[in-house]
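Q: Listed here are the chains, written in short residue letters.
Number of protein chains: 2
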Amino acid sequence: MDITDTAQRITSGDRRALARAITLVESGRADHRAQAAELLGALPRERQALRIGLSGTPGVGKSTFIESFGMMLTGQGLRVAVLAVDPSSARSGGSILGDKTRMDRLARDPKAFIRPSPSQTHLGGVARRTREAVALCEAAGFDVVLIETVGVGQSETVVAQMADLFLLLLAPAGGDELQGVKRGIMEMADVILINKADGDLKATATRTCADYAGALRLMRKRPQDPAGFPKAMMVSALEDAGLNAAWATLQELADWRRENGFFDKTRATQAQYWFEQDVRAALLAQLDGAQARAEMARLGAEVAQGQTDPALAAQQMLATLGHKQG
Amino acid sequence: MDITDTAQRITSGDRRALARAITLVESGRADHRAQAAELLGALPRERQALRIGLSGTPGVGKSTFIESFGMMLTGQGLRVAVLAVDPSSARSGGSILGDKTRMDRLARDPKAFIRPSPSQTHLGGVARRTREAVALCEAAGFDVVLIETVGVGQSETVVAQMADLFLLLLAPAGGDELQGVKRGIMEMADVILINKADGDLKATATRTCADYAGALRLMRKRPQDPAGFPKAMMVSALEDAGLNAAWATLQELADWRRENGFFDKTRATQAQYWFEQDVRAALLAQLDGAQARAEMARLGAEVAQGQTDPALAAQQMLATLGHKQG
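Residue numbers (our numbering), protein chains in the order written: chain A, 4 to 329; chain B, 4 to 329.
For the record, the hints were derived by calculation from the structure and aren't laboratory data.
Treat each hint with caution, since some may be false.
Stated by the list, open to error - Each computed SDA-like pair below joins lysine to any residue, with the alpha-carbon atoms no more than 20 angstroms apart:
1. A/Lys185 - B/Ile188
2. A/Lys268 - B/Ile188
3. B/Lys185 - A/Phe266
Claimed, not checked - Derived, one-sided and incomplete: chain A residues facing chain B with beta-carbon distance under 10 angstroms:
4. Gln79
5. Gly80
6. Met189
7. Arg270
8. Ala293
9. Ala297
10. Met299
11. Leu302
12. Ala307
Being a predicted model, the structure only gives us computed values, none of them experimental.
No residue lacks a Cβ here, since even glycine has one placed at the ideal position from N, Cα and C.
Bound-form chain A, shown alone (with noise of 0.2 angstroms):
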């Protein structure tokens, strides 16, 4: 791959250029992840995007949202693209944006561009190169990313970590079930959307946003919060309700992070914590290949069966691997 012809090419907007390059970053290679690491060092630094991050368990309602929300950005000539970090796809192969017919208007849509879930083995990689995907997107030239996760284990973490703002996507519930939000999500969440206040469930909808507008009021401020976030609000996907309203509360936060330092500072700090991650997983991938495996298998079962310590086994596999001992 020519990394300067490559990089031309994503920046004015080659779609294919851009699917090359994503499926670069997800290689798990030795010698793609320095092509990849070459490719995103070359590209325009200047262009930003808003990213997105979005959480909601199945259910909810949002592949719906996306493809309503999605729309109603691209009728605004806004260039929108849909990235996701699926843990289970991590585990399973598969993948929650695998399927494109889930939002297939927006699939169609040519101001819009979809990439599924890389299928990978571990949780942090997959997070590791959707973050490099949505630098990719963003010097692509698109004005919103979104990236989609399920709320399980760790992800919405992994994703806050790559986001300028979160969006929690909940469905309409009884108070009772307020409490199956776990805490740690809420307190990353910049807006809750009620998603599904439509016909039947409006009222229930309507109960449920003042629930949660009220546990929002209760949480500690955050420095990042202009007054009256984070906030709660109602939509329907389904009946294109509230998405305006919405996309306008992002705007407004976005902005007024952006008027007082913390857009900034929060991409500085995202932008450290994956470059310390990066240098760790490397480190430790050491331990990926087929000959270390092996040898970890040897050196674990010795140690499982009493004959050695695990710290001296420790400085076996340290020696096998050409380190310098300690």
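Starting from the known structure of chain A, arrange chain B on it as the hints suggest.
A: Just chain B now, kept in the frame of chain A:
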């Protein structure tokens, strides 16, 4: 240090040799790590102490309990070592066992050995070294090794990874406070001891004990437990009440697990865990040197200022470390 000689002295019960060896495993220096691993590998592997993890938040009377429980054990002719994993010492440099006067009777008992938590920069380091100190105490012929921790962050998980049995010490409390104990900790406990079952608190202790017994019955059955476990019991460290019963219960559980294979299986899993942790820690230790830190800081600042992509900076860092790209 003469490794063979030191191993022999430890095995023959030389307390000064033991103390020096613990200091060695606590050291972060690369040559010390290599020596420590060699020493741990040279120890006889047939001795087996009962390793008891003990958690309890400040105020539950943990020191008084350890002293009374320890004195009861030494009174039966058993040799008792007390170690600690203290996450706060990782931050402050202080130590929960630093002040031996907290347990001055036990500290003066020739059958007991008390060692404060090492002051280290991160919990992982403290944990690993405590695991190694446990192995040293075991080789030194102690019958019981108590590993104390406070109910903060991940410290209990870490202690559970080096203990055969896990004791949770609680104070008498109203029913509402039952929720205060993190579910994860409850699931880790083999025996819950309600301390301070004396004087004015006796009635409350009885109620609290019944509450926890009920809560334990509602929890998912674990394969490593015989009928009736995990168990909640009352003790009074102040009045030396219930300590013999608690010890009998712990022995009953340990015996059952030994007979049913769970004892060895847990130790095997733990040993493998520490082996893998050791290898990872050593690979990441390449980032600990002064030069590496400076380079990480320099590249981190570039990344934070948006001058380069995290992935490219990571590749540059790896090149600095003399690590092959990828």
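Q: All hints, please: hold or fail.
A: Results of checking the hints against the structure:
1. Using a Cα cut-off of 20 angstroms, the hinted pair A/Lys185 and B/Ile188 holds, with the two alpha carbons roughly 18 angstroms apart.
2. Distance hint between A/Lys268 and B/Ile188 is unfulfilled; the C-alpha atoms sit about 36 angstroms from each other, more than 20 angstroms.
3. In summary, the hint linking B/Lys185 to A/Phe266 is not supported, as the alpha carbons are separated by about 35 angstroms, beyond the 20 angstroms threshold.
4. Look at A/Gln79: its Cβ only gets to about 27 angstroms from chain B, farther than 10 angstroms, so that hint breaks.
5. The restraint placing A/Gly80 at the interface with chain B is violated, with a minimum CB-CB distance near 26 angstroms, outside the 10 angstroms limit.
6. Of the supplied interface hints, the one on A/Met189 is violated, with its beta-carbon coming no nearer than about 18 angstroms to a beta-carbon of chain B, more than 10 angstroms.
7. Among the interface hints, the one on A/Arg270 holds; its C-beta lies about 7 angstroms from the nearest C-beta in chain B, closer than the 10 angstroms criterion.
8. Nearest Cβ of chain B to the Cβ of A/Ala293: about 15 angstroms, over the 10 angstroms cut. The hint is violated.
9. Evaluation of the A/Ala297 hint against chain B yields a violated restraint, the C-beta minimum of about 14 angstroms exceeding 10 angstroms.
10. Because the closest C-beta pair between A/Met299 and chain B is about 7 angstroms apart, less than 10 angstroms, the hint holds.
11. At about 7 angstroms, the closest approach between the beta carbon of A/Leu302 and any beta carbon in chain B falls short of 10 angstroms, and the interface hint on this residue holds.
12. The interface hint given for A/Ala307 is met, as the beta carbon of that residue sits about 4 angstroms from the closest beta carbon of chain B, less than 10 angstroms.
Hints 2, 3, 4, 5, 6, 8, 9, counting from the list given before, are not met by this structure.
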